[in-house]
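*Asks:* Now for the letters of each chain:
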Amino acid sequence: MMASSYSAKEEDGHHSGSAGLGGAAIRTRKPDNTAFKQQRLPAWQPILTAGTVLPAFFIIGLIFIPIGIGLYVTSNNIKEFEIDYTGTDMSSPCFNCSQSFSWNSTTPCKCVLFFSLDQPFESNVFMYYGLSNFYQNHRRYVKSRDDSQLNGDQRSLKEPSKECEPYRTNENKPIAPCGAIANSMFNDTLDLFYIDPNGTKTQILLIKKGIAWWTDKHVKFRNPGGSNPNLTAAFIETAKPVNWHKPVYELDIDSENNGFINEDFIVWMRTAALPTFRKLYRIIQKKNNMTPTLPRGSYSLEVTYNYPVRSFEGRKRMILSTISWMGGKNPFLGIAYITVGSICFFLGVVLLFIHHKYGNRNNSSDVPN
Amino acid sequence: ERGGITLCGGDEKRVDSRTIYVGHRPCPDTEAFIPSKFCDNRIVSSKYTVWNFLPKNLFEQFRRIANFYFLIIFLVQVIVDTPTSPVTSGLPLFFVITVTAIKQGYEDWLRHKADNEVNKYPVTVLEDGRSVKKESEKIKVGDVVEVVEDETFPCDLILLQSSREDGTCFVTTASLDGESNHKTHYTVPDTEKDLQALPATIECEQPQPDLYKFVGRMHIYKPEQEPAVRSLGPENLLLKGATLKNTKKIYGVAVYTGMETKMALNYQGKSQKRSAVEKSINAFLLVYLCILISKAVVCTTLKYVWQSKEGQDEPWYNQKTQKEKDTNMYLKMFTDFLSFMVLFNFIIPVSMYVTVEMQKFLGSFFITWDKDFFDPEIQEGALVNTSDLNEELGQVEYVFTDKTGTLTQNNMEFIECCIDGFQYKHRDTRSELDGFTVTDGPEKEELFLRALCLCHTVQVKEAGSEVLADQVDGIDGLLLPQPEEERGFIASSPDEIALVRGAMEYGFTFLGLESKSMKIKNRENNIEEYKLLHVLNFDPVRRRMSVIVQTKSGETLLFCKGADSSIFPRVRPEEVDRIRMHVERNATEGYRTLCVAYKQLSAEEYAVADTGLREARLALQDREQKLMAMYNQVETGMSLIGATAVEDRLQEEAAETMEALQGAGMKVWVLTGDKMETAKSTCYACRLFQRGTELLELTVRTLEDGRLKLSFLSCRSWSTANQDYGFIIDGATLSLVMNPPREADASQYRSLFLQICQNCTAVLCCRMAPLQKAQIVKMVKNSKGSPITLSIGDGANDVSMILEAHVGIGIKGKEGRQAVRNSDYAIPKLKHLKKLLLAHGHLYYVRIAHLVQYFFYKNLCFILPQFLYQFFCGYSQQPLYDAAYLTMYNICFTSMPILAYSLLEQHISMEILLDNAALYREIANNAMLRWRPFLYWTVLGIFQGLLFFFGVRFLFSNPALQDNGQVFGNWSYGTIVFTVLVFTVTLKLALDTRHWTWINHFVIWGSLAFYVFFSFFWGGIIWPFLKQQRLYFVFANMLSSVSAWLVIIILILLSLLPEILLVVLRKPRGPHSRQVYLFLPFPF
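Going down the list, the protein sequences come from chains W and L. Using the UniProt record's numbering, the letters of the first sequence correspond one by one to residues 1 to 369. Using the UniProt record's numbering, the letters of the second sequence correspond one by one to residues 1 to 1084.
Just so you know, not all the hints are guaranteed correct.
[Unchecked claim] As a list, the in silico DMTMM-like pairs of lysine to aspartate or glutamate whose alpha-carbon atoms are at most 25 Å apart: (1) L:K323 to W:D196; (2) L:K325 to W:E256; (3) L:K320 to W:E165; (4) L:K309 to L:E653; (5) W:K287 to L:D963; (6) L:K320 to W:D196; (7) L:K120 to L:E60; (8) W:K30 to L:E377; (9) W:K30 to L:D40; (10) W:K162 to W:D188; (11) L:K778 to L:D745; (12) W:K246 to W:E256; (13) L:K320 to W:E159; (14) W:K162 to L:D40; (15) L:K309 to W:E165; (16) W:K240 to W:E163; (17) L:K371 to L:D166; (18) W:K110 to W:D196; (19) W:K30 to L:E380; (20) L:K323 to W:E159.
[Stated by the list, open to error] What the simulated footprint calls covered on chain W by chain L, stretch by stretch (three residues with Cβ under 8 Å from a Cβ of chain L suffice, anywhere in the stretch; the number is not a length): (21) 32-41; (22) 83-91; (23) 211-218; (24) 337-350.
[Stated by the list, open to error] Label pairs and their in silico Cβ distance ranges: (25) W:D254 to L:A1009: 25 to 35 Å; (26) W:S311 to L:N328: 54 to 64 Å; (27) L:L1053 to W:G297: 15 to 25 Å; (28) L:V305 to W:K287: 24 to 34 Å; (29) W:P46 to L:E60: 24 to 34 Å; (30) L:L1062 to W:R296: 26 to 36 Å; (31) W:S102 to L:F1013: 49 to 59 Å; (32) W:Q45 to L:L1062: 12 to 22 Å; (33) L:I1060 to W:D118: 40 to 50 Å; (34) L:A1009 to W:E313: 22 to 32 Å.
These are calculated hints, taken from the structure and not from any lab test. The C-beta atom is built at its ideal place from N, Cα and C for all residues, glycine as well.
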């Protein structure tokens, strides 16, 4: 592809013609006797043989199987509870909400789901919402955002990126935050209540901080106007995203969690990899060592049903999960490690057999070389 | 660039001769003085000017299919809304184009510089009686130019006047054809008077590129006389580019200038040879292009199937823009298809071409650097003229070698002679071996020796000429000790020197040629003088040469020497038998034999011959044929005096080299112009033919019914194992085979011939004309399976076959440098061929084959996850990896290790390769780039791609992967896949590497470290120029997740597991296990 005529100088007869006079002086053109030029650099020449690979297989097997078992046990110990509240079934409490959904309704539709936990959740409990058949990874969707606007850039606030179309402007005012991702932010409200055996409902404290990546919250997402506490002023002359009920500066009353640095918003803005995904919604902190965070018993989930998914046959879930050092519940890694470890161990045995049956002869011929 | 020539000569092409007025003086007798237009003396070898460089260079670069493809991809990215930014493919393309443009620009600048140097060179021109200094480019046809010693001629000149008394001048044409011996050129007779007012015209042929041909006629007008006509031949023509030697000053008239000079006409780029690897690459490319297109088609189809479902195409959360809604459905489908093409186009990487080019370019230095190729005698090492064919050196199946100068040293030594049937052996200091001492000897003996002294074109090197002492080529005198006298001879053929020197040993010394008279010193130390009347030059068709001399006593004698086959028919038959026995015996012993004959010419006979020869020389048309006819007429009825035997020693290690080549499975064919017996004995000496070899001869002698013979030979059952066959054919028979009288038989004969040849271990073709050599190479090259051919030779007669073969090797021998100039590789000695092929060739092949396969593999497992991701993102062309990763993958993260591998790998050490020639067979027939290994690599790539994608896919069934419960998004997904990918392909290469130098360590671990470093860096900063900060802290967060670590580790291990297993399991058993095992760096 690149011109392969680096020999052009030789081909060039005129050139050599004029250089001919100087050519009489005999230069020694003996090549340098360096290891590199003679291709004799000292080199390590590893050879994979049954003998060398064998121990590796056993070691891998011996390491992976315990890790796998550890992972599997860890994953199994993670408590996870999942409840679908989409309301597609007639029997579902949220059926009405899902059916009667309208963007213009001013009164929110609420529904309550009851469930019970068979086992207590001991450590911190993480509350997720899950969506299915929701293509957050669709290209048109993924690129429909303006990161410099979200970073607090004044110019982008007034003049959002073209990528945000068709969620760029509304009624000639720039939308903040612009783009499809922001526009479709998950806005159901989930409240959790513990129901005593004697029937009293206690609301469980849901913490909404610490659900987004630290760097997103503190660096990547910035409100316009810096630390100016008056967000309303900062977002003046902008429109709210069309599907939002309230503007961005009213997401929370806490100024540390309002505007672009609202953690629910930040979490939503990190687009999911697959069309079925979960996102961290709230954290339930462990109170003390004596009582489990979520004891066994009955609970109720109160949903403010704002988010329509019926039109694209999506599903909504609420997930309660404890977390281990490896993250949420996922038996895949444990199984994978146990399988691979076992395979390696098995191969080790096979190789050992081969090595013993045929290997000795090879070894003897290896030696003189 | 050739355009200039046709432009200049365009008008006069219709006329087959041009008329030149010497000194632009109108001459009487001609109708009218019409100064014809000739082109000026400017040499233009450059391709570009400042103005047209950019457009012209770009146009030429984009004519290459690969560049064009990438340009299209780039344009699609610019025009259509595609998933990846145009930068991802634009940047590498821009890089490649720029580097190439800079390189070509630089080369062109060098050419400009060289052109200027030549064009602005000051020359002296005689104008109106004065010498005027001019720039070389201002010379016009007809100018009288002065050239002084050691200057190069500024254009093609007819020599008019020389400062030497005898009207000669010496010239070296080292820069034209590489022959550094001095050639004598002659002035045109009768012009040595006043040049300022010489009224003359020159009529000569139109410019043509043959350096050794020139026909012209000079009319010299004298007042009140018929104009004198002198014939002009190549001996009167001084070529541009040649250098004046040993002569103070000459004057000549310009006949061809500028781009019409013979040098300029000879200037042409060699036709590009393509290697088999390149063809394989193109085949693989086609496969990958199909994969690419089918991927895009599948995705486009599925996309529209998927979209047809209610609510999928445009859910409320992901509305289209108005423009998208308005676009025509079919246009959208088409742009979708293009978008997918762009998304997957990384599967055919720009960088592969760059890497292959770099590998070839850099790799070729190892040949030039190899000190084993350095020859202390000529103080030179190997030369690489093209780096495109490195790997072809590892694929050679047929070796065509010249005999003289290649297999043998071309260092002639007079061994013995036979005079009138008596043998004289030279080595035993003149003791007559046969016992038949001189009966009527002395007379014949002296005649014979005189013949040796007179019948040649040898020049005596002038004593004290220092210039000559520097040069090695063509001067024999310096190499051999001279007991009696310091006497050097210069000749174009070493045989002649050996003969003259042989005669000297017997007491007859050739003293030199001065103004047409040859002096020899005889045994009584008396000087004899002979007037040289005519030289009937040697040519390969006649295979003989003659001189006509006149003795002091007025006798006119013709001496002729030549090959036995050309002499015997021209002498009395009864004399032949006595000599023939000797000649044949000498030939079987491997000596080169020549027969010597003479004839006394009567005055009438001479007169006829003289006029005939002169007329033929003056002929403007068909001069060659006329001369030939005249020569044949003169050289008849001679009587045979004797024969000579000259030994041409074998090259160092010729036999070992040939044995190694045969051991490596190559078929060696010797193509020589020499006699069958001589060639056969050389073949035996080189161990090409062994004692057990059954020889099949097909020569004129055995040709009574050639057709029968051929079919008989071919019917022979070749199955008899362990029987080596050798095949001998001569030029005449070959031409019968190639061009049979009945055209219909041609293909049948050829296939029969090939069939025979292919079943023989060694083939000897003797009595070959240069063109026949090329014909043979071409025939084998185009035969079934198109085997890779290699030609090796040292002389001008080998150029045609060197150019014809896939790989042409020139030997820096004694016969000038023409072979070297036209070769792809040049080596000082034949013995170097062994290392060049068995070690360098083998390694280059393995390296580049691995490079190519690896590149396709790594891009397959790079793009496959991206393809699979489309099934999970609604076929929306969402890239899995960030744009930076897409761009950098091939440029930075994975390019250096494979480049280092492809430069340094020695899966088997050079010593073992040289010791076990059979290892060469293992890579024969493009073994590593056949469809089977390609399939293996493809399956491996698919396996790993699937593993990467689905491994991470299962991990992401719960995206809460951090111990603080936070979740990962799509860019984390891509980054995990990409990390696994980079580590796996790099470690795969590490597994394949058998030769870990510090560079390999540095580059492999360095690349991985760089990847990690880069990822941190890229994700560590909010980049102001980026529209989206997709990777902000993605990598760091990934590393903070234990699960991500665990999945990365297990996926890398699992991807490499089959590889490791195969390596271990396919280890062959048996006594040679190690050697065989060492071979092939990877299993398939």
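*Asks:* Does each hint fit the structure? Answer for all of them.
*Replies:* We went through each hint and held it up to the structure:
1. Under the criterion of a C-alpha separation no larger than 25 Å, the hint pairing K323 of chain L with D196 of chain W is inconsistent with the structure, at around 57 Å.
2. Distance hint between K325 of chain L and E256 of chain W is unfulfilled; the C-alpha atoms sit about 40 Å from each other, more than 25 Å.
3. Our distance criterion of 25 Å between C-alpha atoms is met by K320 of chain L and E165 of chain W, whose separation comes to about 8 Å.
4. A distance of roughly 78 Å separates the Cα atoms of K309 of chain L and E653 of chain L; the hinted pair therefore is violated under the 25 Å criterion.
5. Proximity of K287 of chain W to D963 of chain L is assessed by CA-CA distance (about 19 Å); at most 25 Å being required, the pair is judged to hold.
6. Our distance criterion of 25 Å between C-alpha atoms is broken by K320 of chain L and D196 of chain W, whose separation comes to about 49 Å.
7. Restraint check for K120 of chain L and E60 of chain L: the C-alpha separation of about 30 Å exceeds 25 Å, so the hint is violated.
8. Annotation: proposed proximity of K30 of chain W to E377 of chain L holds, straight-line Cα distance about 11 Å (limit 25 Å).
9. Of the supplied pair hints, the one linking K30 of chain W and D40 of chain L is violated, its CA atoms being roughly 42 Å apart against a limit of 25 Å.
10. Between K162 of chain W and D188 of chain W the CA atoms are separated by roughly 29 Å; this puts the pair beyond 25 Å, and the hint is violated.
11. Among the hinted pairs, K778 of chain L with D745 of chain L is consistent with the structure: their alpha-carbon atoms are about 19 Å apart, no more than 25 Å.
12. For the proposed pair K246 of chain W and E256 of chain W, the alpha carbon gap of about 18 Å is at most 25 Å, so the pair holds.
13. Between the alpha carbons of K320 of chain L and E159 of chain W the distance comes to roughly 20 Å, so the proposed pair stays at or under 25 Å and holds.
14. Restraint check for K162 of chain W and D40 of chain L: the C-alpha separation of about 62 Å exceeds 25 Å, so the hint is violated.
15. Among the hinted pairs, K309 of chain L with E165 of chain W is consistent with the structure: their alpha-carbon atoms are about 24 Å apart, no more than 25 Å.
16. Distance check on the hinted pair: K240 of chain W and E163 of chain W sit about 17 Å apart at the alpha-carbon level, within 25 Å; holds.
17. Straight-line distance between C-alpha atoms of K371 of chain L and D166 of chain L comes to about 47 Å, which puts the hinted pair past the 25 Å bound.
18. This hinted pair checks out: K110 of chain W and D196 of chain W have alpha carbons roughly 22 Å apart, not beyond 25 Å.
19. Between K30 of chain W and E380 of chain L the CA atoms are separated by roughly 7 Å; this keeps the pair inside 25 Å, and the hint holds.
20. Of the pairs offered as hints, the one joining K323 of chain L and E159 of chain W holds, with about 20 Å between alpha carbons and a cut-off of 25 Å not exceeded.
21. With 6 residues having a Cβ less than 8 Å from any Cβ of chain L, the stretch 32-41 of chain W passes the three-residue criterion, so the hint holds.
22. With 0 residues having a Cβ less than 8 Å from any Cβ of chain L, the stretch 83-91 of chain W misses the three-residue criterion, and the hint is violated.
23. Coverage of the stretch 211-218 of chain W by chain L holds [criterion: at least 3 residues with CB-CB distance below 8 Å; count 5].
24. With 5 residues having a Cβ less than 8 Å from any Cβ of chain L, the stretch 337-350 of chain W passes the three-residue criterion, so the hint holds.
25. A beta carbon spacing of about 43 Å between D254 of chain W and A1009 of chain L contradicts the range 25 to 35 Å that was offered as a hint.
26. About 26 Å separates the C-beta atoms of S311 of chain W and N328 of chain L, a value inconsistent with the hinted range of 54 to 64 Å.
27. Taking 15 to 25 Å as the suggested C-beta distance range, the pair L1053 of chain L and G297 of chain W does not conform, at roughly 45 Å.
28. A beta carbon spacing of about 53 Å between V305 of chain L and K287 of chain W contradicts the range 24 to 34 Å that was offered as a hint.
29. Separated by about 46 Å at the C-beta atoms, P46 of chain W and E60 of chain L break the suggested range of 24 to 34 Å.
30. For L1062 of chain L paired with R296 of chain W, a C-beta distance near 54 Å fails the hint of 26 to 36 Å.
31. In this structure the supplied range 49 to 59 Å holds for S102 of chain W paired with F1013 of chain L, their Cβ-Cβ distance being about 53 Å.
32. Under the hint 12 to 22 Å, the C-beta atoms of Q45 of chain W and L1062 of chain L, about 19 Å apart, fit the expected range.
33. I1060 of chain L and D118 of chain W have their C-beta atoms about 46 Å apart, which keeps the hinted 40 to 50 Å range intact.
34. Taking the beta carbon of each, A1009 of chain L and E313 of chain W are about 47 Å apart, not inside 22 to 32 Å as hinted.
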